[in-house]
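With chain A's structure known, arrange chain B on it following the hints.
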Amino acid sequence: MSHAHKMSFWEKYVFSTDHKMIGLQYMFTGIAMAIIGGFFVYVFRMQLAFPGISVPGYGEVTPLAYNSLVTNHGTIMIFWFAMPVLIAAFGNILIPLMIGCDDMVFPRINRLSYQIFLLSALVLVASFFVPNGGFGGAWTAYPPLSAEAAYNATPLGAPMWLIAVALEFVAFLLGGINFITTMMNARAKGMTMYKIPIVLWLIVIASILFMLSVGPLIAGAVMLLFDQLLGTHFYNPGGGGDPLLWQHLFWFFGHPEVYVVLLPAMGIVADIMAVFARKKLFGYRTILYSVFATGILSFVVWAHHQFIAGIDPRMANLFTVTTLLISIPIAELCFVYIATLYGGSITFNTPMLWAISFMVEFLIGGVTGIFLGASGADIYFHDTYFVVAHFHYTFVPIAIIGFYAGITYWFPKIFGKMLDDKLGRIHFWGTIIPFNFIFIPLFVLGTAGQHRRIFNYEYFQDLALAEFYNLRVIATVSLLVMIAFQFVFVYNFVKSLRKKEKAPKNPWNANTLEWTADSPPPHGNWPELPVVYRGPYEYSHPDRESDWWPQHEPGPDPADPDYQSPSQNPQTT
Amino acid sequence: MTTSSEDPTGSETRRPLVPSSVLGMIIFVLTEMMFFGALISAFLIIKSGNIMWPPPDQPRLPISLTAVNTMFLVASGVCVYFSNKAFAARSDSWAKKQLGIAIALALVFVGIQSYEWVRMLGHGLTMRSSTYGSFFYMIIGCHALHVFAALTFLIRIYLKFETVALKPSSYWGVQVFWYFVVGVWPVLYYLVYLS
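From first to last, the protein sequence lines stand for chains A and B.
Positions 93 to 665 (this note's numbering) are the ones given, in order, by the first sequence.
Positions 56 to 250 (this note's numbering) are the ones given, in order, by the second sequence.
The hints are simulated quantities; they were obtained by calculation from the structure and are not laboratory data.
Check the hints yourself; a few may be wrong.
[To be verified] Interface residues of chain B toward chain A, partial, derived using beta-carbon atoms under 7 Å: (1) G79; (2) I82; (3) F83; (4) V84; (5) T86; (6) M89; (7) F90; (8) L94; (9) I95; (10) K102; (11) G179; (12) L180; (13) S184; (14) T186; (15) S189.
[Claimed, not checked] Computed far set for chain A versus chain B, every beta-carbon distance over 12 Å: (16) Y243; (17) L248; (18) L259; (19) L266; (20) R279; (21) I300; (22) V459; (23) I471; (24) V480; (25) A576; (26) V586; (27) R590.
Given the structure is predicted, the values throughout are model-derived calculations rather than measurements.
The beta carbon of each residue, even a glycine, is placed where N, CA and C say it ideally should be.
Looking at chain A on its own, in the form it has when it is part of the complex:
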């Protein structure tokens, strides 16, 4: 470390205002929460496949505990793993490094953001240990189940869950302000709008979506909290309220939220694909405009979650149309990525495998979404395991594959060591194959009519058939295999960190600015801030001998209309 004064442990790791350290704090907190969420899924999947057994490491699952496990698995994986890792961690680490500045614009607000986030995580974890356990009203927290302690049976867990969620949103609100302002105001010289790497655009657009959608949820959460604690009747029809109101407020946030976590993962994948296909990203502006369209449309699709909640069928028709419309820009993104790969000289290393598998798996999630978006089909599919499988085919690629793609790609920059590629591939195949074996059976079960949020299928004759149990056991065993393979990653992570040899500055020959900083970058990132001369994806340019053309290297910009190719005019250099 090159900075002048030596910082104490607390200054450096706990109360740091350095964007990279805050990013790592977010990442490790997110991973810790994911381990809790992963443990929960292990417990309730065991209960589903082998009802009534004493789950090793947990014990027998009661119905109340089952509800709490399912609820908090969903909450943790979306709010305390996908969001902090994909947006907060990668955003914090990458934004200043890729736009070429020394830190976020508001470093102290950034630190405050993490501290509030940590507090929210602690409140949530604490809620598992209060009498009657954590909240069990499903992660969507529909009233009256969530509003009345008599129904959800968790008088303490429910408000704590809600407070934790609200605190977490305050944390991301502060982070989002920082991200947007930093990208607008702190870019390096020469970094114009269309020279910003796609991953940053997508993280910032995700932040904008989050900022615009979170207000209604915070308003709804405060009203729900008042219903729980003060006895108001915002959501109680008996007292003049309306339970559907919560669903509208929740999903007005909830649906853009899907894109809030999707977009950063899509951006990570775009950058990785361009680097390892050694090709210019196909249609930079197409991606950008598709994402703008996605962002706008994501605000008018929310009621497709409520097709059977009693909304007006004419409104359901409208939301079917918008829901099918939003698949167009997302499909466009997929085609652009395929076009980027087409004709490239692809290196199949760990980050690239994750990136390609993201596309493949996410596509299954997207296509099955069409069935659910059609209001007619949704009447049958609603709240079945088809829905569960569908959104896991979107969220697992986003959160888990997106995270692994990003961490394996930027690991040398963040930690200054190289990850082992062979172990990485073992981990990759050991995750991807069981993942499909978990959720394809769930599609089948859902199509056969198996409803979700049922503690024990023994109680339902139609669902307690042997064929169904076979599929449930396949899913659960695959889950165990998938969890077991995560230890390969942990081993690889620790082993690589303890390696002696340091990673080179730019192991992938990538163009973007973060690879010009030391690995890991010191406090302040560069002794002198870089200057940008061209776009981030000038790979295999015909006028260059090497197949990459870094953004910071002085020289002409091939995207400039005045650019003269040396091959056309050999006189110019």
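Relative to the frame of chain A, chain B by itself:
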């Protein structure tokens, strides 16, 4: 939106179009607008679901007193505007005086509001008496919290006027927030009190 983006070898300093503190505050205010927008739309949905609104057994809101009170808040916003003009013209003492008046007017607003609340509670309009009461205290209470937060900022700026050099951008950031708090009030007054 840096001006230096035109010319990579241009001036050393970046000059953003909008200072960071102002931009950050504008983004925050947009979120706040969505927050109040949600509260208002929830209120309107509940209202449209009731045949009699306000519910016949609930006390009426003090329309005229609040109209006067609205004037105080708007006047406070205008004073901050003039304070900023004086500040830009580098007449700091005049700017400080204007800001002082603005703070005083805002305090009058808070005082009258508290007086109203005490009276309303006495008349039996509470958070639990009806959804009418719930929404009234919810929406107006959220606004009141914003007034308190903004007042804290304004007082901090006021105290900074003489001791330390006040950065114009941080004053502008606070102003953006205050204009939002002032500007949203007539909307709330119209929707909650008048309809």
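Going through the hints against the structure:
1. G79: Holds, because the Cβ-Cβ distance from B/G79 to chain A comes to roughly 5 Å (cut-off 7 Å).
2. I82: holds (5 Å)
3. F83: holds (6 Å)
4. V84: violated (10 Å)
5. T86: holds (5 Å)
6. M89: holds (3 Å)
7. F90: holds (3 Å)
8. L94: This interface hint holds because 5 Å falls under the 7 Å limit.
9. I95: violated (9 Å)
10. K102: Cβ of B/K102 sits 10 Å from chain A, so the hint is violated.
11. G179: violated (15 Å)
12. L180: The hint is violated - B/L180 has no Cβ within 7 Å of chain A, the shortest such distance being about 13 Å.
13. S184: violated (10 Å)
14. T186: This hint holds: B/T186 lies near chain A, its Cβ roughly 4 Å from the closest one there, short of 7 Å.
15. S189: holds (4 Å)
16. Y243: holds (19 Å)
17. L248: At roughly 21 Å from the nearest Cβ of chain B, A/L248 sits farther out than 12 Å, so the non-interface label holds.
18. L259: Answer for A/L259: holds, closest chain B Cβ roughly 15 Å.
19. L266: violated (9 Å)
20. R279: violated (6 Å)
21. I300: Non-interface label on A/I300 violated, nearest chain B Cβ at 8 Å vs cutoff 12 Å.
22. V459: Per Cβ check, A/V459 is outside 12 Å of chain B; nearest 32 Å; holds.
23. I471: holds (24 Å)
24. V480: The claim holds: A/V480 sits with its nearest Cβ about 29 Å from chain B, beyond 12 Å.
25. A576: holds (42 Å)
26. V586: holds (39 Å)
27. R590: Given a closest Cβ separation of 40 Å, the condition holds.
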